[in-house]
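Here are the chains, one letter per residue:
2 protein chains.
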Amino acid sequence: MRTIDRDDEKEAVKLIDQTLLPREYKIVECKTLDELIDAIKRLKVRGAPALGAAGAFGVVLACTNEKSKETIKTKVERLKKARPTAVNLSYGVNRTLNAAMHGKNMQEMKEYALEEARRIADEDVAVNKKIGDYGSELLEDGDVVLTHCNAGRLACVDWGTALGVIRTAIEKGKRIEVIACETRPLNQGSRITTWELLQDEIPVTLIADSMSAVVMREGKVDKVIVGADRVVKEGVINKIGTYMHAVIAKSHNIPFYVAAPLSSFDLKRSYKAVEIEERSPDELIFFGAEQIAPLEVKVYNPAFDFTPFELIAAVITEKGVLYPPLLTE
Amino acid sequence: MRTIDRDDEKEAVKLIDQTLLPREYKIVECKTLDELIDAIKRLKVRGAPALGAAGAFGVVLACTNEKSKETIKTKVERLKKARPTAVNLSYGVNRTLNAAMHGKNMQEMKEYALEEARRIADEDVAVNKKIGDYGSELLEDGDVVLTHCNAGRLACVDWGTALGVIRTAIEKGKRIEVIACETRPLNQGSRITTWELLQDEIPVTLIADSMSAVVMREGKVDKVIVGADRVVKEGVINKIGTYMHAVIAKSHNIPFYVAAPLSSFDLKRSYKAVEIEERSPDELIFFGAEQIAPLEVKVYNPAFDFTPFELIAAVITEKGVLYPPLLTE
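Quick note, the sequences are listed as chains E and F, same order.
Heads up: the first sequence begins at 11 in this note's numbering, then just goes up one per residue.
Heads up: the second sequence begins at 11 in this note's numbering, then just goes up one per residue.
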């Protein structure tokens, strides 16, 4: 199934619980907005494009058993704030809310919201296929592509952005291998990227994040492709570690690509005006149930970082490959 | 107590089990060479200088209940191969074995070995204090120093190399803060470095390895100091991740220092001739008992990497601060 979808019969949002992968493949059903917000905060669903769809389907949940437009607006504000950094969550919420507001009564509002949410989800798949088409032209037969975090089908509704580019290239007959960085502290690379690539029988090698410099120095990497949580005026905000890989790639003359739908673009905003989510110290003090650092140690745990366009060879979108500087006027 | 020492009464090598930190502080006794080799392979004792002392005390164990010099030589070959990358293990073994060989009988050999092993251990502490003296001059009051892995007292017999520099600077009245990188995949940074710094009440902040680029970009790092497993003709071999930090530091104009005793020097050898230990895929597929990646995924897991002198501002030794290029003739 898709990463996130609606179950009409149960009137629920259903999603693949990504915190249990690769050990267990489990579908979670969220019947209330609170359940969905909790799933987002716990990263059961994550990835900028998937969060866009989650926001959209969340508005449908918000329209259930509500009597006033004002209450719905208040409720979805909480949804928008479930994770602050990716622009897609707000995008999905706002677009669906606007559609809902054209409804004359609650029943109509919910119908309009659901239509719009479905449209957003379907568009996401179509957009990713387009990103794949454009991006695959940048890859050559035999390329080894390093990626960070998970910008695959599990970060989206389906297909994926960075991994979508790889999927399309392979579909077109190119042989592509992937090096997946584990992506500390939550290991989306080891848990999710390797899992979804192996599902599709795409060759993948797992490394620790700090090994990317070594594989690049050893000539084992032809290109780097990552996703984006937000494309801003001066560059790209993405999973913590992206900036490091970009600096290292530049110093080894390896092209560094970002694959992102235009819904992740926020080009009028400076990265300085974007809230970088800081997550709990526990993510570095514990690993699962195991304590791996002193309980009293101070921790700095930003979930995202900023990479300036100077380090980015191109941004791959559904409208084509954009080469920095990206003009915002 | 020291990281590694001899218990005369029990005729055993005693060491702090570093795999249990920070949850448990436990002293392990190795009464046989096999027990010590096992402790080395499992990283109960690790760090290049500590491995030198482990090798030395191991020769004393090898001299116990043995009848021939040849058997002893064969036995210690296994000890030398317990971990291949750090030169200190071989150094400690060879030096102690040479001393032992002057003995006329087994009793004398063991005595000579023990004397030499004690000398090596004491020298290590003295050497680290000297490294601290020289290195501390490179630090300024108020500096924030980023370090990787553990080049502290637990990597040595006592005091530490990289952390020894910080300890001496603080002893001299400078205020120094440390940023410790967790050091995947075995988390020596989170498990050991933070623990030993907090024991000494030295301010420390823990980050994931991939965050070093961010803290450097944010201007939060004044200097980087790491240890070394081997200093070779063209640069330094140290814990995986070192090269990454060095590239990033260079690109942010942050001085990158290596603190290492001359016993880690192997300047006639090229890094290409040094075996880089590749450790088990399980270190990236599992975290403790928890599976975090598909069992069948391919893993690349080198334990060390090579950093060329071009990226290194200076090597701090017990004889002074050496500025590359280091002349080997």
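Honestly, I wouldn't trust all of these hints.
Note: identical chains are not told apart, hence a pair may lie in one copy or across any two.
Unchecked claim - Within a straight-line C-alpha distance of at most 25 Å, the following computed BS3-like cross-link-like pairs (lysine-lysine) qualify: (1) Lys282 with Lys230; (2) Lys282 with Lys77; (3) Lys90 with Lys79; (4) Lys41 with Lys140; (5) Lys184 with Lys308; (6) Lys140 with Lys282; (7) Lys230 with Lys243; (8) Lys308 with Lys140; (9) Lys230 with Lys41; (10) Lys91 with Lys140; (11) Lys308 with Lys230; (12) Lys230 with Lys260; (13) Lys85 with Lys329; (14) Lys77 with Lys140.
For the record, the hints were derived by calculation from the structure and aren't laboratory data.
This structure is a prediction, so every number in the text was calculated from the model and none was measured.
Status of each hint after checking the structure:
no.	hint	verdict
1	Lys282 with Lys230	between (34 Å within a copy, 17 Å between copies)
2	Lys282 with Lys77	neither (39 Å within a copy, 72 Å between copies)
3	Lys90 with Lys79	within (16 Å within a copy, 74 Å between copies)
4	Lys41 with Lys140	neither (32 Å within a copy, 66 Å between copies)
5	Lys184 with Lys308	between (47 Å within a copy, 21 Å between copies)
6	Lys140 with Lys282	neither (30 Å within a copy, 44 Å between copies)
7	Lys230 with Lys243	between (32 Å within a copy, 24 Å between copies)
8	Lys308 with Lys140	neither (44 Å within a copy, 30 Å between copies)
9	Lys230 with Lys41	neither (46 Å within a copy, 45 Å between copies)
10	Lys91 with Lys140	neither (29 Å within a copy, 54 Å between copies)
11	Lys308 with Lys230	between (36 Å within a copy, 15 Å between copies)
12	Lys230 with Lys260	both (15 Å within a copy, 22 Å between copies)
13	Lys85 with Lys329	neither (34 Å within a copy, 67 Å between copies)
14	Lys77 with Lys140	neither (40 Å within a copy, 76 Å between copies)
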